[in-house]
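**Q** Sequence:
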Amino acid sequence: FVELFNEFDYGDNNPFHRSRAQVKDGVLCRDAADPDHFYLIGEWADIEEHRRIRELVAREIKPEFVQLIEGRGFVPTYAQIVSMTPQEVLDKSQQQ
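Take 1 as the starting number for the sequence shown in our numbering and just add one per residue.
I should point out that these hints are in silico values taken from the structure, not numbers from a laboratory. Misleading hints may appear alongside valid ones.
[Stated by the list, open to error] Below, computed lysine to aspartate or glutamate pairings styled on EDC-like, alpha-carbon distance capped at 20 Å:
| id | residue 1 | residue 2 |
| --- | --- | --- |
| 1 | K24 | D12 |
| 2 | K24 | D9 |
| 3 | K24 | D36 |
| 4 | K62 | E49 |
| 5 | K62 | E7 |
| 6 | K24 | D91 |
| 7 | K24 | E43 |
| 8 | K24 | E88 |
| 9 | K24 | E48 |
| 10 | K24 | D46 |
| 11 | K24 | E49 |
| 12 | K62 | D12 |
| 13 | K62 | E3 |
Whole structure, please, built from the sequences with the hints as guidance.
**A** What follows is the structure, encoded as structure tokens:
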């Protein structure tokens, strides 16, 4: 799964990475208690833009890794960031 995901994610045919709405690249995480369960966390300025691209990818590009997803497919849960550690706090902790 990870190999196929990375093949699509780092490939030239990934429309997510061409969108100005993408604030930070996603991070693929594996559940420590269930190695078959993954989370993809990314930061987007526009949820609707992400949804539009995701639907395009599912309908037209159909990356191979999606075939390995059990159940209803690659449908994310969207959330809004309500708090994040400021960079200056992180920088200060590294200096100590």
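**Q** Hints numbered earlier in the text: which of these fail when held up against the supplied structure?
**A** 3
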